[in-house]
Amino acid sequence: MSSQVTSTAGHCWVINTPSAQVMQPEQAKESCKVHEKSILLVAMPSICLYGFMPFAVTCFLKVSILSILPLIIKDGLTIAYFSLVVGYNAILNGFLAKQESERHILSTRLQRLNKMLDFLILIASLAAVWIPPPSHLPHLWALNIKMVFIPDEIFSELLQSYPELWGLEQGVGRTNWTVLGRGLADKLSERTGRLITVEDVRNKCTNLRKCLRRLDTSQGKVYANLCTYAWYAHKLGLTSAVDKITSEMLSRGDLPVVVEDVPVGADLGENVEEVPVEENVPSEDLEDFPGFENDNNEEPTTSAEARLESRKRKNGERETWAMQATGDQQRRPKKHRGQSLQEENTRLNKDIGTQLDPIKALDIVRQKDREKIIQINVLMLAYADDFILFSSHSGSEFARQAVKSASDIIFTDLARSVCKKKCLSCILSKYHAN
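Heads up, the sequence shown is in the UniProt record's numbering, so the first residue is 1 and it goes up one at a time.
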């Protein structure tokens, strides 16, 4: 199968094959213009870092100019390119020497590396212009200038259809890459929109196998680009690498790694026992407190709605118990207005010990279980009316103590739900009015 590849610029290629046409000439031209502007978007902000890393920025700017050389040759700007590059490199080298001298850094090695880079750029530029490439490698110089990036997701997806290139058998070096790798390279070029040669695919496969084998034998970190090749590690028999990739994906919250449509480590035998959703875990015994029965039941736990209804029913039972705890006190007959105040004071004086017991109990068990505190608070609410009446006919010290205890009760969660009308403002207003 013959193919014709036309170089237009940098990363831009027009590939015409009998099976598919990767990029139209108009699209390639627009893509080249985009590359010319995109390299400037990166090169111009990098100048701001010149004061921090002068040598790295200088090398980056020189290589960025070299990357657009195919576009410059196509536009007939070769003479302008060489004339400007000479002056551009001279200015950059002057700034670099001044920057290094101000920092008092021994820059002999850096100067040697800088001169070597200038020499390589000059050789590559002259070779691309005046030295014709070999007939069987018509795009040798352009391919050496451009940088190839193959997305791992696309490469992993397409590589699964070419088991001959996996290198599972002995004699991997004997694989006919010219024939077998051509189809994969054409599909990658079609998917990515740039020229990808057979040599690029071969280097990608070789480096990928080395990385997976190194991951299998070392304790290094799993890089994100290797997570898509869990199936390939499984084919190569690298179980340790598969486990590391699976753990890395699970730690990041991704989906489990799938190898041949079966999750790694999953046991899908014929006899698979069902695991219950929840187990009856023994809890603390709360049956000593009324209304706090054990929540374990025999109802099915597979339905969330059924469990919710069970919770609501038990909460209702607990609220019913709280209401019953105050029922006896609320059902007491109220005193008639005509009854003498002396009889009321006599009854209160007899019940002084009863009134003080809940207050003392509240102070004693304040640091104990919350369930017991709630029970005492409910009982204290039943005496709220008696506290108000008693405060108007007793000494000020005891009245303040009674009102303070009542205010502590009112601010509890259960007190507000059981007795909404008996709020602190009502107690204080009646106390000050009397």
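It cannot be assumed that every hint is accurate.
[Claimed, not checked] Below 35 Å or equal to it, Euclidean Cα-Cα: the simulated DSBU-like pairs (lysine-lysine) are:
1) LYS115 with LYS98
2) LYS187 with LYS115
3) LYS62 with LYS98
4) LYS210 with LYS62
5) LYS115 with LYS74
Source of the hints: derived by calculation from the structure; they are not laboratory data. All values derive from a computational prediction rather than experimental measurement.
Going straight from one Cα to the other, do LYS115 and LYS74 come out at no more than 35 Å? Holds, at roughly 28 Å.
Hinted pair LYS187 and LYS115, Cα distance within 35 Å: The given pair, whose Cα atoms are some 41 Å apart, is violated under the 35 Å limit.
With a cut-off of 35 Å on the C-alpha distance, tell me whether LYS210 and LYS62 pass. holds (32 Å)
Would the hint linking LYS115 and LYS98 be met if the CA-CA limit is 35 Å? holds (16 Å)
Restraint check for LYS62 with LYS98, where alpha carbons must lie at most 35 Å apart: Given pair LYS62, LYS98 holds - Cα atoms ~18 Å apart, limit 35 Å.
Violation of the numbered hints given earlier is confined to hint 2; every other hint is satisfied by the structure.
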